[in-house]
Amino acid sequence: MAKPEYLHFFIDPNRCIGCQSCVQACTECDTHRGESMIHLEYVNRQESVQTVPVVCMHCDQPTCAEVCPADAIKRTGDGVVQSARKPRCIACGNCVVACPFGVPELYEDRKIMMKCDMCYDRSSVGKKPMCATVCPSQALFFGTLEQITQLRPLSAPVNTFQFGDQTITTRVYVMVPRQIATRAPLLDVVSAMDEQPRSRAVTLRVVADSDPFAGVEV
Amino acid sequence: MANVPVDPLRIIARFGPHLSSMTGVRLSTSVEPERLVKTHCCFCGQQCGIQLKVRDNEVIGFEPWEDFPFNRGMLCPKGVKRYLQGSHPDRLTTALRRDSSAEAGFSPIPYDQAIARVAGEIGRLQAAHGPGAVGVLGGASLTTEKTYLLGKFARVCLKTPFIDYNGRLCMVSAGAANKKAFGIDRTTNPWSDMVGTDVIWIAGSNVAECSPITTNYIWQARELGAKIIIQDPRITPAARTCDLYLPVKPGRDAALFAGVLQIMIERDWLDHAFIAEHTSGFEQVAEYCRQWTLARTADVTGVPARAIAQAAEWWGTARTSFLFHARGIEHHSNGVQNSLGTINLVLASGRIGKPKSGYGTIVGQANGQGGREHGQKCDQLPGWREIANPEHRRYIAGVWGIDERELPGPGVDAYEMFRKIDAGEIKGLISICFNPKVSLPDNSFVTRCLEKLEFYTAIDFFLNDTAWHADIVLPGSLHEEDEGTVTQVEGRIIKINKAVECPGEAREDWRIIQDIAKALGRPAGFTFADPREIFEELRVASKGGVADYSGVTYEKITRQMGVFWPCYSDDPRTGAAIDDHPGTPRLFEPGSYNPVARGNGPFYFPDGRARFNVAEYRPPVDDASDEYPIYLTTGRVVSQFLSGTQTRRIGPLVRQYAEPRIEMHPRLAAKLGIADGDWTTAETRRGTITLRAQVVTTIRPDTIFIPYHWAGPKSANQLTVAAQDPISKIPQYKVCGCRVRKAEAPPDYAAVLEPQQ
Numbered sequence: 447m448a449k450p451e452y453l454h455f456f457i458d459p460n461r462c463i464g465c466q467s468c469v470q471a472c473t474e475c476d477t478h479r480g481e482s483m484i485h486l487e488y489v490n491r492q493e494s495v496q497t498v499p500v501v502c503m504h505c506d507q508p509t510c511a512e513v514c515p516a517d518a519i520k521r522t523g524d525g526v527v528q529s530a531r532k533p534r535c536i537a538c539g540n541c542v543v544a545c546p547f548g549v550p551e552l553y554e555d556r557k558i559m560m561k562c563d564m565c566y567d568r569s570s571v572g573k574k575p576m577c578a579t580v581c582p583s584q585a586l587f588f589g590t591l592e593q594i595t596q597l598r599p600l601s602a603p604v605n606t607f608q609f610g611d612q613t614i615t616t617r618v619y620v621m622v623p624r625q626i627a628t629r630a631p632l633l634d635v636v637s638a639m640d641e642q643p644r645s646r647a648v649t650l651r652v653v654a655d656s657d658p659f660a661g662v663e664v
Numbered sequence: 028m029a030n031v032p033v034d035p036l037r038i039i040a041r042f043g044p045h046l047s048s049m050t051g052v053r054l055s056t057s058v059e060p061e062r063l064v065k066t067h068c069c070f071c072g073q074q075c076g077i078q079l080k081v082r083d084n085e086v087i088g089f090e091p092w093e094d095f096p097f098n099r100g101m102l103c104p105k106g107v108k109r110y111l112q113g114s115h116p117d118r119l120t121t122a123l124r125r126d127s128s129a130e131a132g133f134s135p136i137p138y139d140q141a142i143a144r145v146a147g148e149i150g151r152l153q154a155a156h157g158p159g160a161v162g163v164l165g166g167a168s169l170t171t172e173k174t175y176l177l178g179k180f181a182r183v184c185l186k187t188p189f190i191d192y193n194g195r196l197c198m199v200s201a202g203a204a205n206k207k208a209f210g211i212d213r214t215t216n217p218w219s220d221m222v223g224t225d226v227i228w229i230a231g232s233n234v235a236e237c238s239p240i241t242t243n244y245i246w247q248a249r250e251l252g253a254k255i256i257i258q259d260p261r262i263t264p265a266a267r268t269c270d271l272y273l274p275v276k277p278g279r280d281a282a283l284f285a286g287v288l289q290i291m292i293e294r295d296w297l298d299h300a301f302i303a304e305h306t307s308g309f310e311q312v313a314e315y316c317r318q319w320t321l322a323r324t325a326d327v328t329g330v331p332a333r334a335i336a337q338a339a340e341w342w343g344t345a346r347t348s349f350l351f352h353a354r355g356i357e358h359h360s361n362g363v364q365n366s367l368g369t370i371n372l373v374l375a376s377g378r379i380g381k382p383k384s385g386y387g388t389i390v391g392q393a394n395g396q397g398g399r400e401h402g403q404k405c406d407q408l409p410g411w412r413e414i415a416n417p418e419h420r421r422y423i424a425g426v427w428g429i430d431e432r433e434l435p436g437p438g439v440d441a442y443e444m445f446r447k448i449d450a451g452e453i454k455g456l457i458s459i460c461f462n463p464k465v466s467l468p469d470n471s472f473v474t475r476c477l478e479k480l481e482f483y484t485a486i487d488f489f490l491n492d493t494a495w496h497a498d499i500v501l502p503g504s505l506h507e508e509d510e511g512t513v514t515q516v517e518g519r520i521i522k523i524n525k526a527v528e529c530p531g532e533a534r535e536d537w538r539i540i541q542d543i544a545k546a547l548g549r550p551a552g553f554t555f556a557d558p559r560e561i562f563e564e565l566r567v568a569s570k571g572g573v574a575d576y577s578g579v580t581y582e583k584i585t586r587q588m589g590v591f592w593p594c595y596s597d598d599p600r601t602g603a604a605i606d607d608h609p610g611t612p613r614l615f616e617p618g619s620y621n622p623v624a625r626g627n628g629p630f631y632f633p634d635g636r637a638r639f640n641v642a643e644y645r646p647p648v649d650d651a652s653d654e655y656p657i658y659l660t661t662g663r664v665v666s667q668f669l670s671g672t673q674t675r676r677i678g679p680l681v682r683q684y685a686e687p688r689i690e691m692h693p694r695l696a697a698k699l700g701i702a703d704g705d706w707t708t709a710e711t712r713r714g715t716i717t718l719r720a721q722v723v724t725t726i727r728p729d730t731i732f733i734p735y736h737w738a739g740p741k742s743a744n745q746l747t748v749a750a751q752d753p754i755s756k757i758p759q760y761k762v763c764g765c766r767v768r769k770a771e772a773p774p775d776y777a778a779v780l781e782p783q784q
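Residue numbers (our numbering), protein chains in the order written: chain A, 447 to 664; chain B, 28 to 784.
It should be emphasised that the hints constitute simulated quantities derived from the structure, not laboratory data.
Check the hints yourself; a few may be wrong.
Stated by the list, open to error - In silico SDA-like links for lysine to any residue, alpha-carbon gap of 20 Å or less:
1. B/698 - A/647
2. B/698 - A/599
3. B/254 - A/600
4. A/573 - B/553
5. B/254 - A/460
6. B/698 - A/573
7. B/254 - B/443
8. A/573 - B/186
9. B/254 - A/661
10. A/573 - B/313
11. B/254 - A/622
12. A/573 - B/570
13. B/698 - A/594
14. A/573 - B/96
15. B/254 - A/623
16. B/254 - A/573
17. A/573 - B/59
18. A/573 - B/413
19. B/254 - A/597
20. B/769 - A/597
21. B/570 - B/443
22. B/570 - B/582
23. B/254 - A/452
24. A/532 - B/55
25. B/186 - B/413
26. B/254 - A/492
27. B/65 - B/383
28. B/254 - A/596
29. B/207 - B/55
30. B/65 - B/570
31. B/479 - B/127
32. A/573 - B/428
33. B/254 - A/532
34. B/698 - A/661
35. B/186 - B/570
36. A/532 - B/57
37. B/698 - A/657
38. B/254 - A/663
39. B/383 - A/597
Bear in mind the structure is a predicted one, so any value in this text is a computation, not a measurement.
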């Protein structure tokens, strides 16, 4: 069985509330029970509650597979990049270092790399992955392009990412504000790396609340 | 005497909280469940649908329930891991008696002996001191059937007026305000109605952490154009990206609402036709608001004037809107006034009773709605009837088959019950689903009261912190070990289904209550064979009340995936019997009929009109002062629930946020010489606490925040003030004056307690 072509994974970090439901649910998935394959971190907790959930982006040309000396990482025909195959993986960690999104993890105790496989046991039979099913903010969404277009008029899906000279296209989409997506249909990740989150992501001209506590005396 | 029998460390060593984890069949990927049981989460008032995987009388995992319309498979981390509360090493599987000679302070005792002892002690105390010498404390995480039975048990079996519940710490400000303004206490619309609205105002609700599933509704509303306004002293996860953030100073909410309404009046952003046709009392409210000029409102509330003006403009000029509030404005000695302030904004706008316009309170506990309707509240009888109302008393006495004169009168609120224990008036206590030693404010007072009890019995599935004081502990049932109904945040009655049997000598709570009645020799009215029988009586008892469940059946709930009350067995217009009333998803619709107004209008008063109430601002009790200059506020984190009796025992949830911290702004931290992670002491007039600091820019610099889920030396309620709202009696958890300093040394507990203990 393969993941149906018309179903896609969308990430909208703007919606994320950092609740870790995805992380907890990931550990319940039958392909990697007890371990979460999701990274959910504060960008900078001191300055902001902003969190970013990271699942495997399932690259069209996966860097992890390209650098694997044991040819242990396979991308199935439906575009899902699978965890390392146990008989082949030599636990060298090349993939961990090479992945531009920082997704694969090396499990030293088991001598294997494991990563998000889009809950292949679920998605390959037409079900949603665990994380996107439970996500209370639907920052993680699994469905068709038609659904996301209809449900999210303020944002647009982008699946092209620029890392210096390397351009990567992925099966997983990131939702970005529609205006930005219209101007630049790719995300330049490296140039955005120094940006720091603000405590408030929305600044109104009339209120100027980038620091809403500016007037509070201590 | 009800002192803790042995060193608490010995109790903790035996009874926990210890952590459960995924092991055995719960970790195996080859074990298939025997069946999936459709039920709901045991935690908050959202009551998300979930399917429990069951095998060999054990819940081994979960599967999302994507067909249930409210959450469509979505769950927060508590819901995902809720199944790990079962098969737990701390689970009570026998009755216990206090035994200071036992290593852990308690010894197992046969269930029947325990019941006999409880009945004997109750009988002795009541014979010597009268029926009111024994009190009952219930809870809003119980099914509605259990809350109904508990209210009946207190009044009919024990004949005591003293019963109250932990909803007193949760829903009563909203409930009192709703009754005063609308004549009915329920959120007005299903959540799906908010998608497509113009403005959503969220007052004092950390939606992302306390009602996570609501987040998707709010974000979806925004996708379709809604502006989101959030009023909170902290930049909560939802406040980070909301359209307008109102950084209100703790305890100033009523002033903010009055100031906003004043702007609406000045700019004539009012629905005059609605106010004239469907309300009364607007003039007095307008008169009160006149003093709340923009400058004064900004000064008192700490919200910049331009933000107040912007909120008023968005709210005032919207075509459709929702306003939600929660404990942030309700947990105050001015909690009812704060809630009424929001209702005034809604009524002035005329935007209620319509598909895209409504108002609601986001309930906190599983059965926060149903648990406050059917008689475990001190002044209440089933169906939201009043125990002081002669007509209501006669009806319920008739249902219960007793003489109305035998029915006790109103009791007192849960905190006042402790004052009565302190005064020696209440000498015996039965508690279920309530952990006041952690959850009540100024809890060293609560501990002193527990020590004064002559006899105390607690019903619970784990040995909660309060139960350390018990003479007898009776092993009750987990959520998944019983069936019944609860009413969730939208007013939708849903069905909890049994997945597994109680282990060992543990049994369903309703059986335990009936066993006590039988042992007391007063079994009449307590011979129900199952929850369905209790529900059938509840239907009759609620009939004709405002919270009318008479047309609800277990089958209808299952068929419709929930029934919104009121749901009638007799047509309220004609009195003719009907069996197909679908329930009432939306209240106050134009032209709607209700049995109170009888066609005079959509609201539940004889004239059919909603009431404006003057919502007066009063400064908090024990406000910040020169001596205690910083505001302390308390609340939840997403991975824990209430006093933590369940969630502090679930390993993955504890690891998510292991121990409470003192959240403070870097400017305050710099002034005090405190760095992130430093041991820090907060002190109020009641007590002190030492926790690690978490230094973040997402909180008002004049305010600290401590989550309240932990016990003993980590309990935030050592600090909070027992000031209560004069109407609702809710405690003022959300503000008091405190002072903060860097701790001289790590606290003693750090070396001996695990994070969750």
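Structure-based check of each hint:
no. : hint          : in the structure
1   : B/698 - A/647 : violated, 27 Å
2   : B/698 - A/599 : violated, 46 Å
3   : B/254 - A/600 : holds, 13 Å
4   : A/573 - B/553 : violated, 47 Å
5   : B/254 - A/460 : holds, 15 Å
6   : B/698 - A/573 : violated, 53 Å
7   : B/254 - B/443 : violated, 42 Å
8   : A/573 - B/186 : violated, 55 Å
9   : B/254 - A/661 : violated, 24 Å
10  : A/573 - B/313 : violated, 55 Å
11  : B/254 - A/622 : holds, 19 Å
12  : A/573 - B/570 : violated, 44 Å
13  : B/698 - A/594 : violated, 48 Å
14  : A/573 - B/96  : holds, 18 Å
15  : B/254 - A/623 : holds, 16 Å
16  : B/254 - A/573 : violated, 33 Å
17  : A/573 - B/59  : holds, 18 Å
18  : A/573 - B/413 : violated, 50 Å
19  : B/254 - A/597 : holds, 16 Å
20  : B/769 - A/597 : violated, 49 Å
21  : B/570 - B/443 : violated, 31 Å
22  : B/570 - B/582 : holds, 18 Å
23  : B/254 - A/452 : violated, 32 Å
24  : A/532 - B/55  : holds, 18 Å
25  : B/186 - B/413 : holds, 17 Å
26  : B/254 - A/492 : violated, 27 Å
27  : B/65 - B/383  : violated, 30 Å
28  : B/254 - A/596 : holds, 19 Å
29  : B/207 - B/55  : violated, 54 Å
30  : B/65 - B/570  : violated, 28 Å
31  : B/479 - B/127 : holds, 17 Å
32  : A/573 - B/428 : violated, 54 Å
33  : B/254 - A/532 : violated, 50 Å
34  : B/698 - A/661 : holds, 16 Å
35  : B/186 - B/570 : violated, 23 Å
36  : A/532 - B/57  : holds, 18 Å
37  : B/698 - A/657 : holds, 19 Å
38  : B/254 - A/663 : violated, 29 Å
39  : B/383 - A/597 : holds, 17 Å
Checked against the numbered hints listed earlier, the structure breaks hints 1, 2, 4, 6, 7, 8, 9, 10, 12, 13, 16, 18, 20, 21, 23, 26, 27, 29, 30, 32, 33, 35 and 38; every other hint is satisfied.
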